[in-house]
Amino acid sequence: MNLPRTPVAVLGAGSWGTALAVLLAANGQPTLLWTRDPAQAAAMVRERRNPRYLADIPLPALLQPTADLQAALSAADDVLVAIPAAGFRALLVELAGHLMPGARLAWASKGLEAGSGRLLHEVAAEVLGAQRSLAAVSGPTFAREVALGLPTAVTVASRDGNFAADLAARLHNSRFRAYTCADVIGVELGGAVKNVLAIAAGIADGLGLGANTRAALVTRGLAELMRLGVAMGGQRETFMGLAGLGDLVLTCTDDQSRNRRIGLALARGQNLAEACASVQQVAEGVHAAREVWRLAERQGVAMPITEQVCQVLYHDVSPREAVQTLLLREQKAEVR
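Quick note on the numbering used here: the sequence shown kicks off at 1215 and runs consecutively.
Hints in this document: simulated from the structure, not taken from any laboratory.
Computed from a predicted model, the values in this text were never measured in an experiment.
Be a bit skeptical, because a hint or two may be false.
If you anchor each label on the Cβ, the simulated ranges turn out as follows [stated by the list, open to error]:
id: 1; residue 1: Tyr-1528; residue 2: Ser-1288; range: 40 to 48 Å
id: 2; residue 1: Glu-1548; residue 2: Gly-1301; range: 36 to 44 Å
id: 3; residue 1: Ala-1256; residue 2: Gly-1422; range: 44 to 52 Å
The C-beta atom is built at its ideal place from N, Cα and C for all residues, glycine as well.
Construct the entire structure; sequences and hints are all you get.
Right under this line is the structure:
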């Protein structure tokens, strides 16, 4: 396969951005890894690693760290954003005046815009224009495992089939499988909602409720995701794939998940501020929970697990009270 050789600009030198930049460069793709912090960029150039994140992972020769956003954008045809969703709009506003006219934008961020509940592709189209090619990268991924070259699979979703294919080709190798699809709504919702459900899974496990409970929670959580996703125009098949069920299972069952660790901390009696401090990095589910619940209310979709996560996070309901509320819900048919 003839891969594109023009540089890729990865924006965000956290653990996920670093892992994706390492993957791209190891695949023979000239890659610029941008950080806003000049000291961090200088350290990466000097040490050929990211001392702040994934410090034991060497940076390939084709990876060039930089703190010069304009220079990174002027060199790249494809831009991949890997920052928390809370900063997504602000960064895109900053990019708008510097992106090359034909540059294509993708993101590996997972979440919803705070306040509006908008999906990230809606934010990108509003800021950068509806004609620009856009793509979302999502799936069951922990940054360290990607950086180590452990087998991984993701979905690249875009309404521009050529962009999806090109970006998937850049990412794909014998240890990292990149699939394509056109269901941007489904892929983005899967990435946002699974983080909320992972908090619930952490709470359940932190309370010692057992494997049966965890399995039931993942299954009923998937039902919630599918109800909301279909109501918003996503395809049911997407939620059974990597960006739906795959990411949900990963995030709910492994302690590498920041969101799961938030739930575990809450179950131990920590308040939200203490739980977030213990995780030390952004847990997207904390911010997404309220937005997902508002979306569900607007769509008239029942999402009882999401509702109880919001009650615990924002309304001083104890984890045990939230679980009890779920257990006391009216008995009904599983599928309607």
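Which of the numbered hints above does this structure break? none
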